[in-house]
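Colleague: Each chain, letter by letter, is given below.
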Amino acid sequence: MKKNKNILPALFGVAALLIFIILLENISAIIPGLPQVFQPTSPLFTVLKKAAVYSLVAVSMNLLNGFTGLFSLGQAGFMLLGAYTYAILTVPASQKDQVYYLFGGCAFKFSIVDLFQSFLGSSGAGGAAAMVLGCLLSIILAGCMAGFFAYLIGFPVLRLKSDYLAIATLGFAEILRAIFQWQKLGPITNGANMIKGFPTFSSFNITDANGNVLVRLSTFVPFFITSLCIVLIVLLIRSSYGRAFQSIRDDEVASEAMGIGLFKHKMLSFVISSFFAGVGGALFAMYVANAQAKAFTSTMTYEILLIVVIGGIGSVSGSVLATFLYVACSEWWLRFLDSEMFIGSFKVPLLRNGFRMVVFSIVIMVIVLFFSRGIMGNREIDFGRLLGKKRNVETGKKKVG
Amino acid sequence: MMKKLVAMMLAGVMAAGLTACGTAAPQTTGGAESTEASQASSGDVIRIGVFEPSTGDSASGGKKEILGMQFANAETPTVEAGGKTYTVELVAADNGSSADKAPSAASELVGKDVSLVLGSYGSGVSMAGGPKFEEAGLAAIGVTCTNPNVTAGNDYYFRICFLDNFQADVLANFAMEKFSAKKAYCLGENGNEYDQGLVAFFTQVFEAAGGEVISDSFPTNNSDFTSYLNKAKSEGADVIFTPVSIAYAKQIMEQAASLDIGIPFLGSDTLDDNMVLEATKGTNLQLYVSTFYQEGGSETFDKGIKDYINGNSDALTANGGNDTISAVTAMGYDAYYVALEAIKAAGSGDKAAIKTAIPGVKYDGVSGSIAFDEIGDAVRDTAYIKTADTASGTWAFEKVQTGSGK
Amino acid sequence: MEYVISVLLSGISVGGQYALIAIGYTLVYGILRLINFAHGDVFMVAGLMGIYLTSALPITVSLPLVILLTVLLGFTIERAAYKPLRNAPRMSVMISAIGVSYLLQNTATYVTGGQPMTYPTIPFLSDTVNVAGTQTKWVVIITPFLVLALVLGLTQLIHHTKVGMAMRAVSKDFETSRLMGIQVNSVISVTFIIGSALAAVGSILFFTNYPAITPMAGAMPGLKAFVAAVFGGIGSIPGAVLGAFIIGICETIIKGLPSAWDVSVFSDAFTFALLIIILVFKPQGLFGEAATDKV
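Residue numbers (my numbering), protein chains in the order written: chain A, 1 to 401; chain B, 1 to 406; chain C, 1 to 295.
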């Protein structure tokens, strides 16, 4: 019963957040003369978009690492699959020759968006509906592709434990990257070249006939998709499957004795986590407006892992909170560390290019060593309490050993 | 006890650091935005965004390109436009040589209210940042990003350099004219659009002319190139074409020297770098590179930039510790003046006016005359070919090469 | 023929350099059950120290100093980043290792300014020599012999000294060896010292051969050396060395295959594929003892 009591305020919270994002995005059009930060081109929105995308990937990694106890480092590989699937499926057929100029066009001559346009019309409301439906379908397919590969790779690697699983999945991501960069597969993956020209977040802005933006939705879209996915993940965690995952994390032998199918549940968790990583990859492609295998390195996986650790392994809200802090710090607030600064005539020492990342890694080390439970530990933000209703917090206080 | 104390102290220091960051950050960014933004509209300062990598794989090239802009800015710090004198300020954002950091660096520049953007070294980051500039209605002038897809499909991206296909064409023709080459060995980094694009275009031209091309790709972060070089040797290649980034080029040259390979190397504009040059010094390697600028092209520029580099220790470090002029530095220098021309033509620092003005800009720079075609690419039909003088460790001018006219 | 020899030569030298790093992995893993992700970066930092010290000091002083400082670095990392987490879950220690690796890479980027640095030429090692018609550097010839000598010395140390006995004991059973009066922490420190010293020697050989160092220069050799350690059977020094040579040679052979097949891009991917195959079919590796822990 308590589960339903907690979930409702949380849903209200998410809905309120989404409405707030739409308002924030469009406030500069409604009230002129606001500071630069509220302009749609300000770094604020870039950071919000990136953080929304990363938070989905972080939560999907947390599902695996934090809730099922499977230490996987394949996240970048699954994102790559998602990003490429989305990109290949949505580049308009008319642009494929230009994008695949080295290979004389793409092997896939169609685009899902075009497909929808063929019976919904390509302009006006029909065109918009076709774009939205096409993109959503492609994002889901991107997730499915990642999930499917996870299913295949899961058979051999899920039998491995902890660090062996980690290194095997890391290797798998590296293999995938090499395959996607292979020039021989160029007609499909565009080889080393990036795939671009597909619908991005900005394509969702509502414009008039002249291309002037009426309502901005480019930040809302990643927030919406991410929130939807995270709500699904939370529902999963709270279901009997989720409890099975957590019991596997806490004690494999005991859970097996209780009749939980170890391999089945591990596979389920792995495939679902990869599905959402794939969706995250598709969103990432929309964020950077291109898909190129070069971006999905093991460094990206490490970055996401560190976010999960900072947020607290086993806390969904912690992962989300940590993502926003991490992205805002590394991409925005700490950028000043990279340029020389003068206070009066005093030149602040050490500040030059690359210093930002040094400070950043030291902060991470301090968190890992001294605050190993992260921001949230394995607790969650209690939305009921946030809404002002006193409630007995029952979500886990137990320590993960 | 001791451990706890240390932990507490560290945590305290970090917390203090963090709060300092937290308070300092809004001051610097917020302050810049509110006060300086009003200054710009009142008509004192025009800011030019510098969108370049200062970290990551392309940092070396990016820094040299910035150097040219900084020198040009030191030389001409003001611009007259619309009857007013504006001070020009360069605002840099590091795109980290990676496509996932580029959008936020681009929006950082947009947020700093710049009038136009110069950069970047590296096509991938330019393509990743491009949509942000387009969205903000901000024109960007690519300095040395040579991939066709940078400007194609983006109305706001221009560039002053030649394109990959032109460069590959030039080098293929050069190989056939100079060495009567019949067989070429191409080596590029797997997954790098610059390398693979050049190799593909080179192959097209070379094979169309009846030559034979063998190509290989090496994985990222590879360091052993001897297998590839030995393969080129055993296959009997007449030339080796290596359009790779600076760090790899350096490795390849050093390993080729110890193998005593005896096959001439052809390189693209990235190899025009003093680190690569240094690697060939004192060896019997033959290295030919196509590039945008040859030292000696403009004496006043050469002297000016050398004085600037030698007079400033940061600049000297950025240039790799000596004063050999890289072509990208000359290109950065020209890009700055093209930007000034565009501002003059626009008559103000208004970004929309500048965007409209750029296609009409014509400028005679140290790297040649610059004009734009309808896609936004520079109209260029010549490239300089230079060769590494291994005895003195300098570049020697080889010839001006035009393409086959395709 | 010349070509085959040249491919084998570079394979053996690459393998030898991986071997020196792999020993560090295998020792640490054998005792702590920790994949020391930072080990490859320690190797890179050793290379950078070599550059900066040689520019200031004569080579006879700087190279021993590099080894000494690398040992100090390895020791400090263990004490600062791994020891406090001795009783934490294994995942936390591994995350800490990833954090250290991140810190070392970022610091290296900051110090070098992201420029590729050139390793100094070391007399004799950098000189070229002609083997059966193929030019190569002396370091290529010397590496395998040096590795063999070091491995022999190390196996002697492990099997015939008190420290070695303690190391073996700790790797078998942490708690029991503590009860037997073994200073577990000192044994672990010794392990890190040996591993770092070998990484430093490896860095001298590796960067003499491939003289450009970027902040990412350690990541790939590090991962491959780990794969070699797994391949040979984690905890086994001869296994790690053999694994390293096999991986090094396979890798260069793949690179040397005819270009028409266009498979040379998979030289790294091959290493990881091998890892997955080994883990699935023979998780104890070539020489490892059957452990129930992995599967």
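A hint or two may mislead.
Only pairs whose alpha carbons sit at most 30 Å apart, straight line, appear in this in silico DSS-like list of lysine-lysine [claimed, not checked]: (1) 109/A - 172/C; (2) 264/A - 282/C; (3) 184/A - 182/B; (4) 184/A - 84/B; (5) 172/C - 184/A; (6) 84/B - 399/B.
Restraint ranges, calculated between C-beta atoms of paired labels, are given here [stated by the list, open to error]: (7) 61/C - 346/A: 51 to 61 Å; (8) 282/C - 260/B: 35 to 45 Å; (9) 396/B - 3/C: 30 to 40 Å; (10) 323/B - 56/C: 39 to 49 Å; (11) 121/A - 258/C: 31 to 41 Å; (12) 183/B - 179/A: 25 to 35 Å; (13) 381/B - 132/C: 42 to 52 Å; (14) 346/A - 165/C: 51 to 61 Å; (15) 391/B - 132/C: 43 to 53 Å; (16) 352/B - 239/A: 23 to 33 Å; (17) 314/B - 93/A: 44 to 54 Å; (18) 352/B - 93/A: 28 to 38 Å; (19) 118/A - 352/B: 35 to 45 Å; (20) 317/B - 88/C: 54 to 64 Å.
No lab work stands behind these hints: they were computed from the structure. Ideal placement from N, C-alpha and C gives every residue a C-beta, glycine not left out.
Colleague: For the hint 25 to 35 Å, verify it against the beta carbon of residue 183/B and that of residue 179/A.
Modeller: Distance hint for residue 183/B, residue 179/A holds at roughly 29 Å.
Colleague: At the C-beta level, are residue 352/B and residue 239/A separated by a distance inside 23 to 33 Å?
Modeller: violated (54 Å)
Colleague: Could one say that the CB atoms of residue 352/B and residue 93/A fall in the range 28 to 38 Å?
Modeller: Since residue 352/B and residue 93/A have Cβ atoms about 32 Å apart, the given range 28 to 38 Å holds.
Colleague: Is 51 to 61 Å right for how far apart the beta carbons of residue 61/C and residue 346/A are?
Modeller: violated (38 Å)
Colleague: For the pair supplied as a hint, residue 184/A and residue 182/B, confirm whether the alpha-carbon distance does not exceed 30 Å.
Modeller: Measuring from Cα to Cα gives roughly 24 Å; hence the hint holds.
Colleague: Honestly, do residue 317/B and residue 88/C meet the 54 to 64 Å range at C-beta?
Modeller: Cβ of residue 317/B to Cβ of residue 88/C: about 42 Å, so the range 54 to 64 Å is violated.
Colleague: Can the suggested window of 35 to 45 Å be confirmed for the beta-carbon pair residue 118/A and residue 352/B?
Modeller: 36 Å Cβ-Cβ, so the 35 to 45 Å window holds.
Colleague: Taking 42 to 52 Å as the hint, is the beta-carbon distance of residue 381/B and residue 132/C inside that range?
Modeller: holds (49 Å)
Colleague: In this structure, is the beta-carbon distance linking residue 282/C and residue 260/B contained in 35 to 45 Å?
Modeller: The hint (35 to 45 Å, Cβ to Cβ) holds, given that residue 282/C and residue 260/B are roughly 42 Å apart.
Colleague: Do the beta carbons of residue 391/B and residue 132/C sit within 43 to 53 Å of each other?
Modeller: With Cβ atoms ~31 Å apart, the hint is violated.
Colleague: Please check whether residue 314/B and residue 93/A have a Cβ separation lying inside 44 to 54 Å.
Modeller: About 50 Å separates the Cβ atoms of residue 314/B and residue 93/A, which means 44 to 54 Å holds.
Colleague: Under the criterion that the straight-line Cα-Cα distance not exceed 30 Å, is the pair residue 184/A, residue 84/B satisfied?
Modeller: violated (57 Å)
Hint compliance for this structure: hints 1, 4, 5, 6, 7, 10, 11, 15, 16, 20 are not met, and every other hint is.
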